[in-house]
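Protein chains in written order, with the working numbering: chain C, 1 to 684; chain G, 685 to 962.
Please note that a few of the clues may not be correct.
[As the list claims (entries may be wrong)] Here are some chain C residues pointing at chain G (derived, C-beta under 7 Å):
1) Pro-18
2) Val-26
3) Leu-64
4) Glu-144
5) Ala-148
6) Leu-157
7) Ile-160
8) Val-183
9) Leu-184
10) Ala-188
11) Ser-192
12) Val-326
13) Gly-475
14) Ser-534
15) Gln-550
Keep in mind the hints are simulated off the structure, nothing from the lab.
Only a predicted model underlies this, so the values are computations on that prediction, with no experimental measurement involved.
Heads up, the beta-carbon is just placed ideally off N, CA and C, and yes, glycines get one too.
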Amino acid sequence: MTSPGPKSEPRRTGSLRPVELAHAAVMAALCAAIAIIAVVVPFAAGLSLLGTVPMGLLAYRYRLRVLITATVAGGIIAFLIAGMGGLMTVVNCAYIGGLTGIVKRRGRGTTTVVAAALVAGALFGLAIVAALAVLARLRHLIFESVTANVAGVAAILERIPNMQGAAERLTRDFGTVLDYWPVLFFLAGVFSITWVSLVGWWALSKVLARLLGVPDVHKLEPSADTGPVVPVPLQLRDVVFRYPGTDRDALGPLSLDVQPGEHVAVTGPNGSGKTTLMLVLSGREPTSGTVQRPGAVGLGKLGGTAVVLQHPESQVLGTRVADDVVWGLPPGVTIEVDRLLAEVGLDGFSERDTGGLSGGELQRLAVAGALAREPSLLIADEVTSMVDQDGRDAVMSVLSGLTRNHRTSLVHITHYNNEAEAADRTVNLTGRGIADNTADVPMVEKADVHPATAGDDAPRGAPVLELNGVSHEYGLGTPWAQTALRDIDFAVHEGDGVLIHGLNGSGKSTLAWIMAGLLEPASGSCLLDGRPVSDQVGAVAISFQAARLQLMRSHVALEIASTAGFSMYDQAKVTEALRTVGLEPTLASRRIEQLSGGQMRRVVLAGLLARKPRALILDEPLAGLDGASQQGLLQLLVDLRRRERLTVVVISHDFAGLEELCPRILHLENGVLAATPTAAGGMS
Amino acid sequence: MSERKPRKQVVLLRPVPGTSVIHELWAGTKLLVVALIGVLLTFYPGWVPIGAVALLIAVAAMLARIPRGVLPTIPRVLWVLLALGALTAALGGGSPVLSLGSVDVGLGGLLYFLRVTALSIVLLGLGAMVSWTTNVAEVAPAVATLGRPLRALRIPVADWAVALALALRAFPMLLDEFRVLYAARRLRPRDVDGDRRNRLRRWATELIDLLAAAITVALRRADEMGDAITARGGAGQFSAAPSRPKTRDWVAFAVVVAVCGTALALELTILGTSGTRR
């Protein structure tokens, strides 16, 4: 765990480092999004105050150059969508965010902020006055137009009895004010900047306090070694790695050789140091032991070491497929993009947007990006764990062909036993340095594809959710209209366990949103107990894939009380809710950021279930969890369904282990239910 | 189901499907044209320049075959505000005065109001035309090319362009996350705690909660993106296709300069409407 505090390393000069670049880009996007909403949505202008926080955070953590870069990037995006107003909002957010962030970094208090804001406000006011002085014609136009409006209001007032005096005063005073416009605009500038700075300061302080303990998931370090790039053959001797600030070894002692052209699989339970091994292989210095290479690691360099990581979405950097393949190559290097894409089975994708690709396609694209560097060593770290069945097979066939077609050594880290079989050699990490409770986690076997079944272990109750001819189209009436769902008919009964299975883009998430009442279908109806579910938002609980987005309060007890709708002081209820999902009552006082991924999911469930929902929808409940957490969560859900006759709908691209929880499976393909299951209880 | 017409969804950063001369213009040309026209209109917001730019936009929209469906639904509040503004401005009077029989109507105020409105619409339309016809992937390379002269001043244009490309990549992902955040909030029941007297404080806490969740997710995304950049050995190329103007770009630019130049000349000589003399 690290605090999001200022990075303590010496001030750097020169081009942005990868981390700085990424943070500048993401915060720029965040600020631009806030600015656009503030400009475009009527009466949301106050939201722009919040845009100062991401910029303030950047100024707090990094050098000024990062903030300026983010301002340019965010400003251009806001300009493209919301025009001049968007651009000016982003610039203002950066101006004030920068001020508050730098004051925060220097450890100063509110007094300093007020003083700095007064100076900054004066400068801003002067800039506005200067601009209006230069733009005389625009100023004249705006002033005349507003004068006309005021004169019109005065004319109306004059007809109201006893208001003549007021009308006269209005016209006269407004004229006077306009005569002194430079003073007016200067004071307005000082006042608004000071006020916004204070609000921004308050918000930044609050958010920073909340962010204490947000884990830094940033792992890779740019390789520092120089000289010719030759990462293999690689020899690890008695390598031990311990993260700074921890008291146990994350890896080792381990000895391992990687020869040129070799395919090595690394398996082991969670916590055995698989990812740590990836870090050591890609150039991190071990705590003890030796790593021998003939030359430099060359992470991401031509002929060096390439890494493909776990999350498909976040390692793709280009907006278009071809751009992503060349991303980061040194200027002047040309490669055959189409040949590389063909090799990973993405022929003809080069002009496609990366936003529309499935997880499997994204991972193969990442492999193509790695191959563009003709790496001597390719490390694949759990690359299939977030990919659906078809995607996995495709990625695996690309990976296993690599060592044949290239002079590349492949180290494939996986927690699937059957994926390790393709390797020349398997290294099993025993995980000596790990905590006891996770030591005996069995490896995950992938489930085979099940046919659509309708068998059920319990008699059907009354229908809870009924979908009649539900269709949905995004962007209806615009040129971007896109059909997501067509003529969906089915019912979910009391105590049912239904799996809605579909690949990326099949419309399954849209269906989940409609069933939760968050989206009104374009046609057809989705009824909960006979009434439209969109009129009863909250009656059907939904647990999103990104559990973190669903946890809004700072502490577990607060969070559960808020989701469930009871008082946070009602300890008994909080404890009961935690117990329902198999969590210790002591967790109640824990901060949200200190929870593991599996615990976050459970806390979300605790809050949702405490509200006694009519049905529970789970969107990809197992994604991103390790084997042990997956099994624990599944067992919990199965128990809940049995014991409490909870109605469960699972949305997933995978079948693994879900058959017990969801005896009934519906296949969704391109927005249509594939085969109508013939249920024993009959469909309504 | 319901009688009311549903509001159209706003689609961001996606060009109108299909291709046309306007779609195929270099993104840098479009950005330059927008900048040029923006400067012209802020310095000389007269009827002639506004009309000339409106004409350019209309022709471009026709060439790009922009359908009417791209226009977002305008909320009724905005119409009401516009009508109110027009009414008060019309009552404000001023020269020129139109004589209808025995009644003299001062049109000056109304004309000023209409000019401000037309200016805003034209500026919005200008930006919209760029969004509707440009693939976002082309924007950052164009900025890099356009900004190349600034490198001589030691301005880190390359960093800016890369950050812009990455921000455009992260933007839709963040919007999706906002959507989930908003939905998750809708699912919650009303808070039972918190004193009713201090509604402002509760509202503020809520806002900080939302912001903290959004920033946590953004930080995570940024960390992962940083790893991905490191895995590629740092920033370098970010576009597979070369980004530079072609013949048609010079033609388009010449047309825009000619039209704007003529409008400016007219504004400054015989048809001036933006002068500052009362």
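Hint-by-hint comparison with the structure:
1. Pro-18: 4 Å, holds
2. Val-26: 4 Å, holds
3. Leu-64: Violated, about 12 Å.
4. Glu-144: Holds, because the Cβ-Cβ distance from Glu-144/C to chain G comes to roughly 5 Å (cut-off 7 Å).
5. Ala-148: 3 Å, holds
6. Leu-157: 10 Å, violated
7. Ile-160: 13 Å, violated
8. Val-183: 19 Å, violated
9. Leu-184: Given a least distance of 18 Å, the restraint on Leu-184/C is violated.
10. Ala-188: 19 Å, violated
11. Ser-192: Since chain G brings no Cβ nearer than about 19 Å to Ser-192/C, farther than 7 Å, the hint is violated.
12. Val-326: Where the cut-off is 7 Å and the nearest Cβ of chain G is about 5 Å from Val-326/C, the hint holds.
13. Gly-475: 5 Å, holds
14. Ser-534: 9 Å, violated
15. Gln-550: Where the cut-off is 7 Å and the nearest Cβ of chain G is about 4 Å from Gln-550/C, the hint holds.
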